[in-house]
Each structure stands twice: as C-alpha cells, then as structure tokens.
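> Single-letter residue listing:
2 protein chains.
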Amino acid sequence: MATIKDIAAYCNVAVSTVSRALNDHPDVSAETRRKVLDAVHSLHYVPNNAARDLVLPQSDSIGLVVRGAENPFFTPIIRAVEKACEDLGYTMVLHQIPAGGDEVGEGARLVQSKRLRGLIMLGGRYDYTSDDVSAIGVPFVCCTYTNHFGDLDAGSFSSVSIDDKAEAYRAVKQLIDNGHTKIAILLDSKTDRSISERRFCGYCEALADAGISLDEGLACETVEFNMGAAFACVERFIAERPDITAIFSVADTMAIAAMKAIANAGRTIPDDISIISIDGIEMSLYTVPTLTTLVQPKALIGEKAVEILVDVLDNGGKTRHVRLETTLRPGGTVGRVHSVDLA
Amino acid sequence: MATIKDIAAYCNVAVSTVSRALNDHPDVSAETRRKVLDAVHSLHYVPNNAARDLVLPQSDSIGLVVRGAENPFFTPIIRAVEKACEDLGYTMVLHQIPAGGDEVGEGARLVQSKRLRGLIMLGGRYDYTSDDVSAIGVPFVCCTYTNHFGDLDAGSFSSVSIDDKAEAYRAVKQLIDNGHTKIAILLDSKTDRSISERRFCGYCEALADAGISLDEGLACETVEFNMGAAFACVERFIAERPDITAIFSVADTMAIAAMKAIANAGRTIPDDISIISIDGIEMSLYTVPTLTTLVQPKALIGEKAVEILVDVLDNGGKTRHVRLETTLRPGGTVGRVHSVDLA
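Those protein sequences? They're chains A and B, same order as listed. Residue numbering for the first sequence follows my numbering, beginning at 3 and increasing consecutively. Residue numbering for the second sequence follows my numbering, beginning at 3 and increasing consecutively.
Everything labelled a hint here was simulated from the structure, so no lab data went into it. Virtual Cβ for every residue (Gly too), placed ideally from N, Cα, C. Treat each hint with caution, since some may be false.
[Said to hold, decoys possible] Chain A stretches covered by chain B per the calculated footprint, using a threshold of three residues with CB under 8 Å from any CB of chain B: (1) 69-79; (2) 257-264.
[Said to hold, decoys possible] Facing chain A, according to a computed beta carbon distance under 7 Å, are these residues of chain B, among others: (3) Ser21; (4) Leu24; (5) Arg81; (6) Lys262.
[Stated by the list, open to error] As a list, the in silico SDA-like pairs of lysine to any residue whose alpha-carbon atoms are at most 25 Å apart: (7) A:Lys85 - B:Thr270; (8) A:Lys85 - B:Arg111; (9) A:Lys85 - B:Arg243; (10) B:Lys85 - A:Asn14; (11) B:Lys85 - A:Asn317; (12) B:Lys7 - A:Gly318; (13) A:Lys7 - B:Glu305; (14) A:Lys85 - A:Ala101; (15) B:Lys7 - A:Asn317; (16) A:Lys85 - B:Lys85; (17) B:Lys85 - A:Gly318.
So that you can see chain A by itself, here it is in the shape it has in the complex:
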C-alpha cells in the first residue's frame, strides 16, 4: 500500500506539502494540489491511518476534540480524560482546534481517520441538529456543554456540564446581594447559541428577579473567546460606561484580562469595580486580589465523560446527561457597592 512518503517522492515535494494539499490548506498552489491528488489516485493511497485500520476490526481509541486549545480551564479536564481512558483500557487520541473551530466536522474526520470507537468533544456549540452530528457515526459525549438550542434527541448522545443558566444566576446574585445594580456582563456574544447565550439568560433572570431593569448596553461582547479580545473590549467598555460597579465574566480567563484592563485604567478592584466569574482555573488563585469565582469540578467532569462513554461502548449502557454543581470560592474581587455610588 502506498504511504504518504511514496506520494511525496512521486510528486517531488515534501511530505508536509502532501499533507497540506490533502487537508486543503490555503498555502498549497492549485497545481501542486492537483499533482498530489493525481498521485493519490494513481498510487491508490488511503490518507493517514485509514490504510492500516482497514486490516483492523476496531481500535481501542477514544477521540478528544478540544475546542479552544489554549484555554487553561480545559487542562485538568484533558488530564482526567486521559487518565480515565487509560484506567479503562482505552487510548485517548487528542485533537486541538481553535475556540471558534468546527468540533463536529473535525471530530467526524478524526473518527474516520483514527477509526475511533467513541468521541468526547470538550467545548462546543449548543445547537447541533441531527444532520450536523450524523457524520460522527460513533457514540459521543458533549463535555462542558449540552444541546440546549439544538434538536438532538436526548437519547442519541450524552453530556456532562454545569447548569450554565443557574450558575450564572448564582454569580450575578452574589453581586446583587452586595448592593450592585449597574452590573456588566463580559461574554463573547449574547447570541452565540452556546455558553455565553445561556449564561446571559441567567444574568437577565437574576436582574429581573431583583427588580433591576435590563440595560442591553451593559453587555461587553468580545466576539472572540480569548484573553486578548477580552482585554481590548473591557478597556474600551469601562471608558464608555464609567457608571458600572461590577462585572460578571463568563470565564476566569476573560475575568483576569478584565482585571488587567481595570488596573490600567487606574481603577481599583473591588473598591471601584467588583468582578465575579465561573471556572476556578489555578491561575485565578494568584490574581491580586484573588478572583471570586464559581469553581467547576473539572477532574470530575472529565472522569464522568469517559465513564459514560465507556459504559455505552462496553456494556451497552444508556446515554446520560449529567449536571454538576460549582463551588463558590469567595476570593477578594467582590465588595459592597460604595454608598457614594448609590447616591
């Protein structure tokens, strides 16, 4: 059977060029791509591991697609997934994609090329349709999210996550209980059909229950889900809205970037602006002051995802939807609103 090296030699290009051509990378010329595809055809090359897997009935591998590879929140979950796979006799195949990436498409490709028995997606959209996921073709678990905005039959997949809306409600309630009414929300988008939209719902409900009317201008939308975008966005936002006294951030990473922007603006946490978030990454223990946050049970989330998937694979177990709870870590970033602000 031809290997990728045979294709490269045949075309007189590097192996990496063949790989890029086969993966539709934009930096391969149309001519080279055609040459490579012709060679693939002539030499009967089957890309990647599929060749070897043709002779194999099944692998012992579970895929883990991580959407947002640089997010430190995922690190302990990846660790837990790997350990649980190993303990149960499986090999974890890791694939990391950008925060806005197509986890379903990449997951389906991974299932095929690595002949996976099951798939865990760590981070993803909440609005899959049955059509979207049909290409996956093996049991899968949505890890840290679920299908709130989609139409998947609950029996057709599993999920492990916190209750985004309830936890966001709880975070915002902490701010309200400390006298805050001008509360901003830091999120990628109010309508991302994902984590931010669900947590925005919790924010709105907490305000409504406290009789605080919603001000749409208090949503600080970063568009991209990363620290750089959060920093730039908060820097601009606090100049435009000097009246806010508190921020609820949907993630610790974004909260830490916001704290930097607030400090750069010469304002003090929590005296001028309070901040609370959700996640509990290790780094948030070392901000000054310590970030007040709702800590997710990260290792448990990873373990549960594997446990459910392996039960489905090995024992014909049922798909399941597990909601776990956070733990409030008080920290030092939430203070009572100053009486002068109430005037």
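Following the hints, complete the assembly by docking chain B onto the known chain A.
Just chain B now, kept in the frame of chain A:
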C-alpha cells in the same frame, strides 16, 4: 484473545480494578492483585493495546510524555507537537505525568503498550544514563531540556531547548544593569540535576561577572515545581530577607505566585521588589504589572522536536541538538533600585 473485560468478569471485579492491579496502584489489595495476575495468566491476556498490536507490524504513533501536566508553559508546545505529527502523517499519543514523575519509565511503558515508533518527552531530568534510557527502545527527543548532567552519547538521542545557563545569565544581567545587587533566585532546588540547577549556574556566573559575591541564603528553594509551593516559599522568604530588591524566577508560573506573595506582604512591584523570569506564558501578559520575562519560542520548540524525530524515523536522518533563543519582553516588573536601598 482475552480482553481486560474478560479478566474483570473472571475475577468478578471492575475493569478499573484490573487496570489498577496491572499498573501496581497501591489501592489494590494483595489478594485482588494475585487474583488478577492469575487470571491474566490463565486467560492468556496481553495487557492494553499490545494484544492488537501483535498483529500489526508497526503503528503510526509518536508518544508525548508531558512531565508537569498542569504547567501552562507546555500547552502551546503540546498543540504544536500534535499539529506537526498530524501534518507528517503520525498520530500523537499523549501521556501526562506529575512534575516530579518518572518520564523515562512511563515513556518506556508507553512505547511498549502503544507500540510507538518514537517518543518525545516534554520536560525531564538532565542526568540520564545510558542504562536509564535503554528501556525506551525507539528514537526519542528531549523537549525543553537536554542531557547536561548525564552520560548519554550525543548521537544516541535528540534534544530541543534553550540554553538554560545563558538565558538565566541574561535575565539576571537585566536586574544587575538596573542597579540590583541583592538578587534572590526562585527555583525548585539548586541541585535538582535539571532546569533549576542549570539556571542557578547562569545566576551565579552573572553575579560573579558583576563582582557581586554569592549569598547562598538568597536561593529561595520551593522543593516542588508548582505555584502553591512557590507562593508559600516566597511568602516566608521575603519576611526572612527584607533586604532583597529583586528576584529571578526560573519559570513564569512561579513568578506569578511570587507576585501574589509580594502583594500580600504589602510590598510593591517593581518599586520595592523587581522580578524577572523565563517562559512567556500567555497569562504573564495579564499580571499587574505585566511580567518582565524571556519568552521561549514555544510553538517552534514543539515543531522542531517532531521534525527531527520524523526525519530520524522516516529518512534515517541524524539525531540533532537544537538550541533556540528567547526574546526579552520588557513588561513592567523590573525597575531601577531605589537610591535609599543603596545607602
């Protein structure tokens, strides 16, 4: 061929118990372990993936053992290794172990159980002997470190790293150039036969070249390489040695923990204490002030490690030792020493 499930059923225990028994976990009773081993023998079970690999001439897998799974410095390197493996037609098999773990022993086990073609160890000891690494049995790359204190023949392995001593020298020189003479070093141990010991050499040499005599009491040794240990150690240290005006930390994570301890003690950075480090993790852009650090070329380190390994595997290429350079990111944590301190 018997599977791990057959063993579990035969012994009437959980699959995870069988796994733990086979991996010598301490929480399995001697009786259970014996029962499992008897079953393994009776049923001719070959642990893990080895069974399936007996029918395979070779896998397409490269192992990545990460020593210090929670270290955010490694995150972009893991990402780069995975991408480079994929681009070159390989599958990366990730295995994460604690910061003080046995990367060689775990790597050798991984090579066997997953039938790996090559191994990259991300983080490790600098003092391997030929005996130590003989069990690995496939080409390997030391990633972010090398064999300075060991006796490996340079042709028998590859490495990709910065020059620890030279970069530590450069960091400490920044402090000296700003008038500091009472400079502490934050590290796990002066004699760890690894990264800290090499960087301690660079620290000593920079002081010597500037005519500053070495004060062994200025080494703040954390014993463990993590943020919690660094925080506790610096908290105690600055109370004992109020005369220091600067700290060189061997890692960004430990520097960030130190900054928290300094703030808790009511001291200001950089007015009271300057700090500089090595790594350039994303989070260090968001400390207040921004951490001054020597940024390692993280993605390049991962790419180079895979490039060398695949060249050895596919083309019979030579082993290589690549030293890469850091880039100083000025930040805001290094200031000139106050004249009152010089009095």
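> Now tell me if each hint is right for this structure.
Outcome of the hint check:
no., hint, in the structure
1, 69-79, "holds (count 5)"
2, 257-264, "holds (count 4)"
3, Ser21, "5 Å, holds"
4, Leu24, "10 Å, violated"
5, Arg81, "5 Å, holds"
6, Lys262, "4 Å, holds"
7, A:Lys85 - B:Thr270, "42 Å, violated"
8, A:Lys85 - B:Arg111, "15 Å, holds"
9, A:Lys85 - B:Arg243, "42 Å, violated"
10, B:Lys85 - A:Asn14, "23 Å, holds"
11, B:Lys85 - A:Asn317, "34 Å, violated"
12, B:Lys7 - A:Gly318, "13 Å, holds"
13, A:Lys7 - B:Glu305, "19 Å, holds"
14, A:Lys85 - A:Ala101, "24 Å, holds"
15, B:Lys7 - A:Asn317, "10 Å, holds"
16, A:Lys85 - B:Lys85, "22 Å, holds"
17, B:Lys85 - A:Gly318, "34 Å, violated"
Comparing the model with each earlier hint shows violations of hints 4, 7, 9, 11 and 17; every other hint is respected.
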